[in-house]
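There are 2 protein chains.
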Amino acid sequence: MVKLIRTTNELISCRDQEKERIGFVPTMGNLHAGHISLLEKALRDNDVVYFSIFVNPKQFGPSDDFQKYPRTLEDDLELIQKCNSNFEGKKIVVFAPEKPQEVFPLNYSQTVAVPTFNNIVEGRFRLNHFDGVATVVYRLFEIVKPHNAYFGLKDYQQFLVIRQMVKDLAMPIEIIGMPIIRETTGLALSSRNQYLSTEQKQEALNLYQSLLKISNFIDGKKAKLAMAKKEINTILLDAKWNYLEMRDAETMSEDLTKSSRITLVAVYQLGSTRLLDNLQLEVK
Amino acid sequence: MVKLIRTTNELISCRDQEKERIGFVPTMGNLHAGHISLLEKALRDNDVVYFSIFVNPKQFGPSDDFQKYPRTLEDDLELIQKCNSNFEGKKIVVFAPEKPQEVFPLNYSQTVAVPTFNNIVEGRFRLNHFDGVATVVYRLFEIVKPHNAYFGLKDYQQFLVIRQMVKDLAMPIEIIGMPIIRETTGLALSSRNQYLSTEQKQEALNLYQSLLKISNFIDGKKAKLAMAKKEINTILLDAKWNYLEMRDAETMSEDLTKSSRITLVAVYQLGSTRLLDNLQLEVK
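Heads up: the sequence lines are chains A and B, in that order.
Start counting the first sequence at 1; every next residue gets the next number (our numbering).
Start counting the second sequence at 285; every next residue gets the next number (our numbering).
Hints in this document: simulated from the structure, not taken from any laboratory.
Certain hints may be false.
With a Cα cut of at most 25 Å, we get these calculated PhoX-like pairs of lysine-lysine [to be verified]:
{"id": "1", "chain 1": "A", "residue 1": "Lys145", "chain 2": "B", "residue 2": "Lys342"}
{"id": "2", "chain 1": "B", "residue 1": "Lys542", "chain 2": "B", "residue 2": "Lys524"}
{"id": "3", "chain 1": "A", "residue 1": "Lys99", "chain 2": "B", "residue 2": "Lys287"}
{"id": "4", "chain 1": "A", "residue 1": "Lys3", "chain 2": "B", "residue 2": "Lys325"}
{"id": "5", "chain 1": "A", "residue 1": "Lys19", "chain 2": "B", "residue 2": "Lys287"}
{"id": "6", "chain 1": "B", "residue 1": "Lys303", "chain 2": "B", "residue 2": "Lys451"}
{"id": "7", "chain 1": "B", "residue 1": "Lys451", "chain 2": "A", "residue 2": "Lys3"}
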């Protein structure tokens, strides 16, 4: 392609656009439409997309499902390939380290701590989980050096952790949070859904429906938050909730007096499967 | 394209190669195979090539041929297009400012001075010519921000000027000098050759043949330089030479005692047409 330019302003703006944009989608694999929506957004926004598939040992607790976390590289590559075929000329680099030492060399001893978020809400249930997440994402950011990185908002607290980390460490990376992808029933897509029995899957609909119910109840009005709290307490009588909380959507503080956006964050547990979901609301 | 990577080292080197490379070929247009050889090299080395066509007023003296310098944009674009067709997927941006003010805004008062080279050899014949060259190239470098820039070695002193400027100003740009392209007769290609009559074109062969003769005479041996000087003085009896000199190839100093590379630089004048040529020699 030959492009003719006659003015300096046009030239300068043409030159500005020349910079390659590197997008990054870090995942633990076992991909579903949620991951693919991140990949599609990254392909739209960037020249090249790095996509990592790495089950990060540091973010699993001792009793967690690290060993049994599904590893399905071939299926994952197929989904990625299929997605790529809709973006002609774009390149995807899949980074699927064979060994954890590729990401954490022997004696790697750095931890990126995110004290603000580590011990609250989901953090109370998963000791040092978010430090483990921040540490692996920091490490991958160091290796990949992306301009943009994409995270699903299903793990809302994780999104806040990463955003905070990048801000604290002044990393020149844009963190983009992408909407939750749901089944038509409303159930948020998750690798862990496959552990659910047919019955549990039916029961799981409670999770999003409860969030919607509270959200409709509040109706964008801050004045209704106190009453919503009562409603939540009623909902929480069902023992399957690990938690269902209203928090400030930016700080995750319990104090909502100055909030203009709040988040409803919840975990609903069926058997040993913990299902996460959340919803953000503007309130006036 | 989907590329699978399993090790961090491979990923890091893949990421390193992602950086877009911008090549730049600044010209005054009226293109010939010499210019196209620069473009080809730039296309091979880079992801995108910026190619400027700009007859720079600052490098013409008051009695020089600025007004009559040939402007042949359509033919030039055709040659560029043809060259591009051999480099599928590569992009060429042609910057052909319509007005000098695009490059030098009104009241632009900066001059990049290159005192080392401005007043010697070709500089004695063209007052402030090299300052004019350095100033326009500096300005274009500022606008285009290339990683690599390509210059023909036919204008050998110009090449040294640009290389010195980039070094002095610590510009992060690689300056690549490309060999002279010659007709089969040995005559170096130049936009100014078209001013020559058939007779003059025959006479012009003297230029390169004299350089070759001296070069063969020296035969890579520093010991022969003094005798070569005598030979040159004989050749210079022909009044058509503006000059024919041996200089250090890096510094253009007349002192060759420490030189390991020398340059033979010459201008042979036919009518009002000054023909430049040069040759670099290793000497032991």
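Name the hints, by number, that the structure is in violation of.
1, 2, 7
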